[in-house]
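Residue numbering for the sequence shown is 1 to 296, as defined by full-length UniProt numbering.
No lab work stands behind these hints, which were simulated from the structure alone.
It is possible that some hints are incorrect.
Claimed, not checked - Below, computed lysine to aspartate or glutamate pairings styled on EDC-like, alpha-carbon distance capped at 16 Å: (1) K281 - D268; (2) K218 - D244; (3) K104 - D229; (4) K41 - D172; (5) K276 - E292; (6) K218 - E169; (7) K276 - E247; (8) K41 - D71; (9) K104 - D116; (10) K41 - D244; (11) K41 - E247; (12) K281 - D291; (13) K149 - D116; (14) K41 - D78; (15) K218 - E165; (16) K276 - D253; (17) K149 - E122; (18) K149 - E199; (19) K296 - D222; (20) K296 - D253; (21) K296 - E277; (22) K281 - D253; (23) K276 - D142; (24) K218 - D291; (25) K104 - D176.
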Amino acid sequence: MKNLVKNTLLVIAAIVGLLFTFGSEGAFDSSLTAGGDGESKGTVNLSYVTWDTEIASTNVIAVALEQAGYDVTLTPLDNAIMWSSVATGEADAMVGAWLPNTHKSQLEQYGAQMTDLGPNLEGAVTGIVVPTYMEDVNSIADLSDQANKTITGIEPGAGVVAAAEQAVEDYDNLSDWQVQTSSSGAMTTALGTAIANEEPIVITGWSPHWMFQEYDLKYLEDPEGTFGDGETINTFVRQGFAEDMPEANQILDNFHWEVADMESVMADVQAGTDPKEAAEKWVEANQDTVDEWLGK
Numbered sequence: 001m002k003n004l005v006k007n008t009l010l011v012i013a014a015i016v017g018l019l020f021t022f023g024s025e026g027a028f029d030s031s032l033t034a035g036g037d038g039e040s041k042g043t044v045n046l047s048y049v050t051w052d053t054e055i056a057s058t059n060v061i062a063v064a065l066e067q068a069g070y071d072v073t074l075t076p077l078d079n080a081i082m083w084s085s086v087a088t089g090e091a092d093a094m095v096g097a098w099l100p101n102t103h104k105s106q107l108e109q110y111g112a113q114m115t116d117l118g119p120n121l122e123g124a125v126t127g128i129v130v131p132t133y134m135e136d137v138n139s140i141a142d143l144s145d146q147a148n149k150t151i152t153g154i155e156p157g158a159g160v161v162a163a164a165e166q167a168v169e170d171y172d173n174l175s176d177w178q179v180q181t182s183s184s185g186a187m188t189t190a191l192g193t194a195i196a197n198e199e200p201i202v203i204t205g206w207s208p209h210w211m212f213q214e215y216d217l218k219y220l221e222d223p224e225g226t227f228g229d230g231e232t233i234n235t236f237v238r239q240g241f242a243e244d245m246p247e248a249n250q251i252l253d254n255f256h257w258e259v260a261d262m263e264s265v266m267a268d269v270q271a272g273t274d275p276k277e278a279a280e281k282w283v284e285a286n287q288d289t290v291d292e293w294l295g296k
């Protein structure tokens, strides 16, 4: 009887030991996703509009925050709702504010309710874009009856669409033109189809964007200055975020990269790579830059 009890206790001890071992491995695995110390520092909620640029930047900064030990949630939203989500505190941050032109109206409406951490990318451009084979069209003023007098745009409410609609008013030669809204995906699909058939097409464009690597395109000169000069892409956080998560706030404040960096991530995503995997690939290849964001 004593032997039976002893053996039973040994079996129980072995089982407990195995459970502890497997449990420890599970904790170790989760600590990798949380950043390495086995315990998350909290959750950072990022909102973004599903433009190719913002898919790239939001996933890259999310991977960086995960390296620092944070859990990160990504929420795709309509452009205006992205802004309001940070203004109301439903989201902690966004890294996709195009200023001063594209998101001018959203900045006027929501800017005072959040904190601007400044540019994370400089040298962004918006305007009217055509394929380079449209050789006789080099300025918005050169447009006459091309492309069925239609500018193919993206989502209604996007700043570049609003600027295109303003261009129709500013330029006498566009008085009978229209801006056709769709989505960024539908616009690039229409662009690819037109180029495959070498047909004229006029679109709302912005850089960085993978389409400039994929196709031979050109911005039309804008003598009326409707689209303004170059833009920056800024990071905004909700009020109180710096006090609630000072380290995460500093990482977001440090976040800055170049046009070529963003375009390389966008190109991988366009080629079929999962956005997070594309972000992880870029981070691995540019760990020194990411370490600067992390304050290492």
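Checklist line | K104 paired with D229 [C-alpha distance capped at 16 Å] | finding: Answer holds: K104 to D229 is near 13 Å, not above 16 Å.
Margin query: Just to be careful, I want the Cα atoms of K296 and E277 compared with a cutoff of 16 Å; is the pair within it?
Written below: Distance ~23 Å between K296 and E277 Cα, so the pair is violated.
Notebook entry, point to check: Between K281 and D291, does the CA-CA distance stay at or below 16 Å?
Noted result: 15 Å, holds
Check: Is K41 within 16 Å of D71, Cα to Cα?
Finding: 7 Å, holds
Notebook entry, point to check: For the pair supplied as a hint, K104 and D176, is the alpha-carbon distance within the 16 Å limit?
Noted result: 26 Å, violated
Check: Has the given pair, K41 with D78, been kept, meaning a C-alpha gap of at most 16 Å?
Finding: At roughly 29 Å apart (the allowed maximum being 16 Å), D78 and K41 break the hint.
Notebook entry, point to check: Taking 16 Å as the top limit, are the C-alpha atoms of K276 and E292 close enough?
Noted result: 20 Å, violated
Check: Is it true that the CA of K41 sits at most 16 Å from the CA of D172?
Finding: Roughly 57 Å between the alpha carbons, so the hint for K41 and D172 is violated.
Notebook entry, point to check: If you draw a straight line from the CA of K149 to the CA of E122, is it 16 Å or shorter?
Noted result: Distance of about 32 Å is beyond 16 Å: violated.
Note to self: Run the distance test for K281 versus D268: straight-line Cα separation, threshold 16 Å.
What the structure shows: 9 Å, holds
Next item on the list: Please work out if K276 and D253 have their alpha carbons no farther apart than 16 Å.
Entry: 21 Å, violated
Notebook entry, point to check: Holds or violated: K276 with E247, Cα cutoff 16 Å?
Noted result: Judged against 16 Å, a Cα distance of about 22 Å means the pair is violated.
When the structure is compared with the earlier hints, violations turn up for hints 2, 4, 5, 6, 7, 13, 14, 15, 16, 17, 19, 21, 22, 23, 24, 25 and for no others.
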